[in-house]
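Trainee: On the provided structure of chain A, position chain B with the ligands as indicated by the hints.
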Amino acid sequence: MPRLVSHPDEVKITSRRFGLGATDIEKYIALDGYKAVQAAIAKGPEWIIAEMKASGLRGRGGAGFPTGLKWSFVPKQSEKPKYVLVNGDESEPGTCKDHLIFLYDPHAVIEGTMIAGIAIGAKLGFIYLRGEYRYLLKIMEKAVADAYAKGFLGKNIFGSGIDFDVVTQTGAGAYEVGEESALMESLEGKRGVPRIKPPFPAVVGLYGGPTVINNAETIASVPHIMLMGGEAYAKLGTERNGGTRLFGISGHVERPGVYELPMGYNLKKAIYDVAGGIRGGKKLKAVVPGGSSTPVMTADEIDVGLDFDQMGKAGTMLGSGGIVVLDETVCIVEFALRTIQFYQHESCGWCIPCREGTDWLKKSIGRLHAGGAVDKDIDNIRYLAENMLGRTFCPLGDAAAMPTIGFVQKFRKEFEDHLNGKGCPYKHAREEEAALV
Amino acid sequence: MATEKKTIFSPELAARFDKLVTLYPMRRSALVPMLLYAQDEVGYISKEVVAEVAERLGLRENDVESVLSYYSMLRTKPAGKYNVQVCTNISCMLRDGYGILEHCKKRLGIDHKEVTADGLFSLEEVECIGACCWAPAIQVNYDFYDELTPEKMDQILDDYKAGRGKETV
Ligand SMILES: Cc1cc2nc3c(=O)[nH]c(=O)nc-3n(C[C@H](O)[C@H](O)[C@H](O)COP(=O)(O)O)c2cc1C
Ligand code: FES
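Protein chains in written order, with this note's numbering: chain A, 1 to 437; chain B, 1001 to 1169.
For the record, the hints were derived by calculation from the structure and aren't laboratory data. Treat each hint with caution, since some may be false.
[Unchecked claim] Below, in silico cross-link-like pairs of lysine-lysine (BS3-like), each with a Cα-Cα straight-line distance of 25 Å or less:
id : chain 1 : residue 1 : chain 2 : residue 2
1  : A       : K363      : B       : K1113
2  : A       : K150      : A       : K123
3  : A       : K363      : A       : K427
4  : B       : K1106     : A       : K427
5  : A       : K362      : B       : K1113
6  : A       : K138      : B       : K1019
7  : A       : K150      : B       : K1047
8  : A       : K313      : A       : K363
9  : A       : K427      : B       : K1105
10 : B       : K1166     : A       : K142
11 : B       : K1077     : A       : K190
12 : B       : K1019     : A       : K123
13 : B       : K1047     : A       : K190
14 : A       : K138      : B       : K1105
15 : B       : K1081     : A       : K138
16 : B       : K1019     : A       : K190
17 : A       : K80       : B       : K1019
18 : A       : K155      : A       : K43
19 : B       : K1081     : B       : K1152
20 : B       : K1019     : A       : K142
Computed from a predicted structure; not experimentally measured.
Bound conformation, chain B alone:
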């Protein structure tokens, strides 16, 4: 039903949402995954995303915005095509996570939560990503890289720049 209506999402994502809301005893349970999947497609949570997600779930836009502001992965501004997230929490800190962060800052010429001029990369210092035993670790979008050195880090950035990086969605 909802797919026949006007949607800002791709037909695949719209169909996925149609199914998603039926999986739970309560439609609203689909809210957090919907926001994240919408962000994966649109790049960020725009006003339009909020409006359509609210409508699909029968919620007020206010409710959606309140949930949106709680979760750290959800953003209301575009990030780079490749969002580089460097963990500096304790296990990574002990294995030079800050060195990796500094290296990325220099290499990309941007700071925490900034985007490169060409829009290709953004950088974020993040909390523990569950890869502590393989520290220091980062994620580029959803892909993990671990046991990093500045050299390995350069290779990863080069690969993404050349369009050869992993891309889990």
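Only chain A is shown next, with the shape it has when bound in the complex:
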């Protein structure tokens, strides 16, 4: 069972009900549950979207697109039915926050889905969980059944004349399916190959109908925004980065865990104060700040606020909020290799730059790590990655290229240390250490 953590600097909004038994619908109701959707029904779609815009909430799936704006793109009139699709594929390495939402507050996901549906005029919402999350799917399924039993879902919800249904869906193992258009393909029973954009899902999405796709955390934040008001939520964060976010801090810290911090919270403080600093008093080497696809930061670059804009200015990305912390004992080349191995494995193979690019990067970095590379291989790795950027069918190619470029750029010396048959200095150090024991 995932361990819950706590720190005084946390501002618990979306995680407010964690550990309080809110999987039980009565408990959820006692904790202000299903009040937000009733308020949303009473005030109507325009009010909902205005509050969402005021909240400054930006998508928690990784790209940080303003949620209210996304919802406003959905055409009011549509011949085809509209849909809400909740993205719980959560597969970006370093990211485990949606896991906790499904585990501890499943009704918040349902309620957020309903509110999104009312805002855009959809009658059906899908909640898609990655296949590995079977125990969480069971929790979600029970929550949905309980909501139906109460009459909160189905026909004429809360006497409004509005019908709204929710269907849960399981994936079956595929990172790529987290990309929104591939997610729709998967839900339509196909291989998770991305679609070309435009048209964007808000116009032509699931089954050809206008579709709002949001990350599970984004959706679970919505009821709280309805209750506290968009402006109050926005004030918790920084300019254009409203509210709070679930940050997962993992790797070499003393107290790894998922912490809800205000947007803009200082990254260095998050690592040293909130997560208790580097494990065993070691020195910090690097931080991958927002899931494995975000470019690495060196130890002296981390005095920066955790919001989409500040992280962008710092040359990296806020991404999925999965902060991975590396201490001085890590070989960056080995870490880069493990990262590219993942993307090579997950590339769907549809487009050549991604399929071939990830494969060659894996081979080249692997060879370099083993000591079989020469000087110009380092530039080749970087050149190859740079030539993938923006040239792949979907952003998975970028997700593979960006961190690779970052590793070479920021830690070139470590790549050089492996050259000319030397192989991994860290491995040798570890072996020597082991021999001494």
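Mentor: Just chain B with the ligands now, with coordinates in the frame of chain A:
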């Protein structure tokens, strides 16, 4: 209707499939969950599973196979009764995920994607399973175990061997 026909699935699963296909605007949407649930019951996606799922959804077997080959959890060969999936992705790697994998290999005497002779265990090195903050983490079938040490790992394997392990389906 379909339940009255010959089916390779248990009556419960057949009934579940009958309902599942009605939930979506398009029957085909049930394909991925059907394959996974069929695998849970049959152990793997056999030719017979492909044939029946295709028929239930009005698809060609070809279409089903093409989808089947895309998803990493779907397999066309039996795994062990307890499929041990060890994450070695970045957060787990930093907290000795590879050590756990090596430990399992030694303990079970099998390698990646192999099955023990008694058919009880299989082993897989997997990508991030969404438990990074509680690394190193594994799954045995659908059950998660986290903050592992080799000792804890031994205990888990012993429990499954003795029929005392968790079994979420
Ligand atoms: C390769 C790839 C994988 C992705 N995986 C996920 C994921 O697992 N979960 C998620 O919410 N978004 C994921 N995204 C982002 C989605 O495409 C999409 O932007 C997001 O679900 C929109 O929701 P949001 O605006 O609430 O963040 C992924 C994107 C790419 C390119
Ligand atoms: S990296 Fe192992 S669970 Fe995420």
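Trainee: Take the hints in turn and mark each one as holding or not.
Mentor: Verification of the supplied hints:
1. Taken as a hint, the A:K363 and B:K1113 pair is honoured in the structure, with Cα atoms around 22 Å apart against an allowance of 25 Å.
2. Restraint check for A:K150 and A:K123: the C-alpha separation of about 18 Å stays at or below 25 Å, so the hint holds.
3. Between A:K363 and A:K427 the alpha-carbon distance is near 19 Å, which keeps this suggested pair within the 25 Å criterion.
4. A distance of roughly 21 Å separates the Cα atoms of B:K1106 and A:K427; the hinted pair therefore holds under the 25 Å criterion.
5. Distance hint between A:K362 and B:K1113 is fulfilled; the C-alpha atoms sit about 21 Å from each other, no more than 25 Å.
6. In summary, the hint linking A:K138 to B:K1019 is supported, as the alpha carbons are separated by about 17 Å, within the 25 Å threshold.
7. Using a Cα cut-off of 25 Å, the hinted pair A:K150 and B:K1047 is violated, with the two alpha carbons roughly 42 Å apart.
8. Between A:K313 and A:K363, the direct Cα distance comes to roughly 32 Å. Violation of the 25 Å bound is thereby established for this hinted pair.
9. Distance restraint check for A:K427 and B:K1105: the Cα-Cα separation of roughly 21 Å lies within the 25 Å cut-off, and the hinted pair is therefore satisfied.
10. Of the supplied pair hints, the one linking B:K1166 and A:K142 holds, its CA atoms being roughly 19 Å apart against a limit of 25 Å.
11. A distance of roughly 21 Å separates the Cα atoms of B:K1077 and A:K190; the hinted pair therefore holds under the 25 Å criterion.
12. A distance of roughly 19 Å separates the Cα atoms of B:K1019 and A:K123; the hinted pair therefore holds under the 25 Å criterion.
13. At roughly 19 Å between alpha-carbon atoms, B:K1047 and A:K190 fall within 25 Å of each other, so this suggested pair holds.
14. The straight-line distance between the Cα atoms of A:K138 and B:K1105 is roughly 31 Å, outside the 25 Å bound, and the hint therefore fails.
15. Taken as a hint, the B:K1081 and A:K138 pair is honoured in the structure, with Cα atoms around 21 Å apart against an allowance of 25 Å.
16. A C-alpha spacing of about 20 Å is found between B:K1019 and A:K190, which places the hinted pair at or below 25 Å, so the restraint holds.
17. For the given pair, A:K80 sits about 24 Å from B:K1019 by alpha-carbon distance, which is consistent with the 25 Å threshold.
18. Proposed proximity of A:K155 and A:K43 is supported: the alpha carbons are some 19 Å apart, at most 25 Å.
19. Annotation: proposed proximity of B:K1081 to B:K1152 holds, straight-line Cα distance about 20 Å (limit 25 Å).
20. Of the pairs offered as hints, the one joining B:K1019 and A:K142 holds, with about 16 Å between alpha carbons and a cut-off of 25 Å not exceeded.
Going down the numbered hints, you'll see the structure goes against 7, 8, 14, while the others check out.
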